[in-house]
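Colleague: Sequence:
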Amino acid sequence: MAESKQYTFKWNKEQTEAFIRHRVEHRHLFTGGRDTAANGYRTILAKMGVMGKVTHTQAKKKWDNLKTKYKECKCPASGQGTDDGKPTAATWPWFADIKYDI
1 MAESKQYTFK
11 WNKEQTEAFI
21 RHRVEHRHLF
31 TGGRDTAANG
41 YRTILAKMGV
51 MGKVTHTQAK
61 KKWDNLKTKY
71 KECKCPASGQ
81 GTDDGKPTAA
91 TWPWFADIKY
101 DI
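Residue 9 in UniProt numbering sits at position 9 of the sequence shown, with consecutive numbering throughout.
Hints in this document: simulated from the structure, not taken from any laboratory.
It cannot be assumed that every hint is accurate.
Label-pair restraints from in silico Cβ distances [to be verified]:
#1 88 <-> 14: 33 to 41 angstroms
#2 31 <-> 11: 34 to 42 angstroms
#3 77 <-> 35: 31 to 39 angstroms
#4 61 <-> 86: 18 to 26 angstroms
#5 16 <-> 90: 14 to 22 angstroms
#6 24 <-> 58: 38 to 46 angstroms
#7 61 <-> 99: 30 to 38 angstroms
For each residue, glycine too, the CB sits at the ideal point set by N, CA and C.
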């Protein structure tokens with residue numbers, strides 16, 4: 001039985017910034033039609049030069065995670081202060097970049 005090796009791409013700050021920038025610039029590719037998101041993410045990954053290292057499914061998951069973090073920063077749970085070390089709208093580096101697409 002062959003063992004499947006799972007490779008996880010590690011996004012650095014510059015790649016994350018480029019991914020967000022491309023996703024925002026190419027929002028027209030994500031119309032909700034069949035396969036538009038998959039094709040949109042493939043286009044972005046090709047422009048970034050990471051095609052083959054990151055799948056369109058992984059790119060979608062990355063975007064979903066970024067959106068979730070944005071929403072958590074935008075509307076923190078009531079009573080949640082800033083002393084717990086969690087990022088806020090003021091401290092999370094990609095908050096301003098994503099707000100234009102959500």
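Colleague: Among the hints numbered above, which are violated by the structure, and what are their numbers in rising order?
Modeller: 1, 2, 6 and 7
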